[in-house]
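Note that the protein sequences, when read in sequence, are chains R and F.
Here our numbering runs 8 ahead of the position in the first sequence, where the first position is 1.
Here our numbering runs 8 ahead of the position in the second sequence, where the first position is 1.
A couple of the hints might just be wrong.
Intra- or inter-copy, both count: the list cannot distinguish identical chains.
[Unchecked claim] Lysine-lysine pairs mimicking DSBU-like chemistry, simulated, CA-CA at most 35 Å apart: (1) K149 with K139; (2) K55 with K160; (3) K154 with K55; (4) K35 with K24; (5) K94 with K37; (6) K24 with K154; (7) K83 with K102; (8) K83 with K154; (9) K35 with K154; (10) K94 with K149; (11) K149 with K83; (12) K37 with K154; (13) K37 with K24; (14) K154 with K122; (15) K118 with K24; (16) K118 with K154; (17) K102 with K37; (18) K37 with K83; (19) K118 with K37; (20) K55 with K24.
The hints are simulated quantities; they were obtained by calculation from the structure and are not laboratory data.
As the structure is a prediction and not an experimental result, all values here were calculated from the model.
Protein chains: 2
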Amino acid sequence: MLESKQEKMENSEEQKYRVRRLEISDKGKGFIELLQQLSVCDSVSDKEFEDRFRDLSVLGDEHVIGVIEDEASGKIVATGSVFIEKKFLRNCGKVGHIEDVVVDSSIRGKHLGKRMIEFLTEHARDMGCYKVILDCSVENKAFYEKCGFQQKSVQMAMYFA
Amino acid sequence: MLESKQEKMENSEEQKYRVRRLEISDKGKGFIELLQQLSVCDSVSDKEFEDRFRDLSVLGDEHVIGVIEDEASGKIVATGSVFIEKKFLRNCGKVGHIEDVVVDSSIRGKHLGKRMIEFLTEHARDMGCYKVILDCSVENKAFYEKCGFQQKSVQMAMYFA
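So here's chain R without its partners, still in its complex pose (with noise of 0.2 Å):
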């Protein structure tokens, strides 16, 4: 069966912006420099960032980070992660932390968002977690709302000095 232009066009985006895990190489594609959109990283060493890659790689599954490269520019376009919490509570379950997901402001409008978003939740879901969770502005609720998620509760924070 032939494609229709429309679908040839997703295809090629979907092959463009692929979700793949973090390598210790995405620092030099500017890593960094996109979690500097949603707020503080101002100077991680070379040291430093291969120091917590390692620490989050010994977690394995337990705490995955998904990055999308624009294979144009080989810059980092989009990143988010999940990490997997072990309770004793709903009878042993499982629970998916959401966290740090940002998309590069220069390339909106792709769906990279949604697309990561996507990547997360099913990682939650193939670990076995009952459910999946995250903390959002107000502003970005309609969003999450689109993906499949729904208001739960509140979000209260205690900043250290």
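Start from chain R and add chain F according to the hints.
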């Protein structure tokens, strides 16, 4: 200096209801029944409990479950957990996540919830976290504000069938 009657009472309560880490023998002291006051937790065998206890023990200070045992009854009357998330954000910062806080409904009014939150919060601070966060219902918001937390954002959830 002589202790006032009030101080003596407070010190005695302090001793009676001190927070300690979960022990493997706590299943026999009503730990699972206490969790049932929070959410579903109706079928945890001794084997499942011990397996999960060991899963979490391996994580050491990265995942701590606090409990308060009522020395008079030998029952666990309060619990709460905190785990440490390692990030790249915030210059490879760390965040404490508080989960599954519950105080036995028959023993409220003795500030055991506040004591538990202080224990979990102090642990996150000691571990070098830049913040500690939790999700709660709108009804419990005032309690956490008294503990020094502020509302930050909204919690979204997706439940798997």
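Q.
At most 35 Å between CA atoms: does that hold for K83 and K154 within a copy, between copies, both, or neither?
A. within (27 Å within a copy, 45 Å between copies)
Q.
At most 35 Å between alpha carbons: which applies to K102 and K37, within, between, both or neither?
A. Both ways: K102 and K37 sit 33 Å apart in one copy and 23 Å across, limit 35 Å.
Q. Is it within a copy, between copies, both, or neither that the alpha carbon of K35 lies no farther than 35 Å from that of K154?
A. within (31 Å within a copy, 41 Å between copies)
Q.
If the cut is 35 Å between Cα atoms, do K118 and K154 qualify within a copy, between copies, both or neither?
A. So K118 and K154 pass the 35 Å test inside one copy only (15 Å; across, 43 Å).
Q. Should K55 paired with K24 be assigned to within, between, both, or neither, using CA atoms and 35 Å as the limit?
A. within (30 Å within a copy, 47 Å between copies)
Q) Using 35 Å as the alpha-carbon threshold, which applies to K37 and K24: within, between, both, or neither? A) within (16 Å within a copy, 56 Å between copies)
Q.
At most 35 Å between alpha carbons: which applies to K94 and K37, within, between, both or neither?
A. both (33 Å within a copy, 21 Å between copies)
Q) Under a CA distance limit of 35 Å, which applies to K37 and K154: within one copy, between copies, both, or neither? A) within (30 Å within a copy, 44 Å between copies)
Q. Is it within, between, both or neither when you check K149 against K83 at 35 Å Cα-Cα?
A. within (27 Å within a copy, 41 Å between copies)
Q: If the cutoff is 35 Å on CA atoms, where do K83 and K102 land: within, between, both or neither? Let me know, please.
A: Cα proximity of K83 and K102: in one copy and across copies (33 Å, 26 Å).
Q: Using 35 Å as the alpha carbon limit, work out where K24 and K154 are close: within a copy, between copies, both or neither.
A: Answer is within: at 23 Å inside a copy they meet the 35 Å cutoff, but 50 Å across does not.
Q: Evaluate K118 and K24 at a C-alpha cut-off of 35 Å and name the case that applies: within, between, both or neither.
A: within (11 Å within a copy, 59 Å between copies)
Violated hints amount to a single one, hint 3; each of the other numbered hints is respected by the structure.
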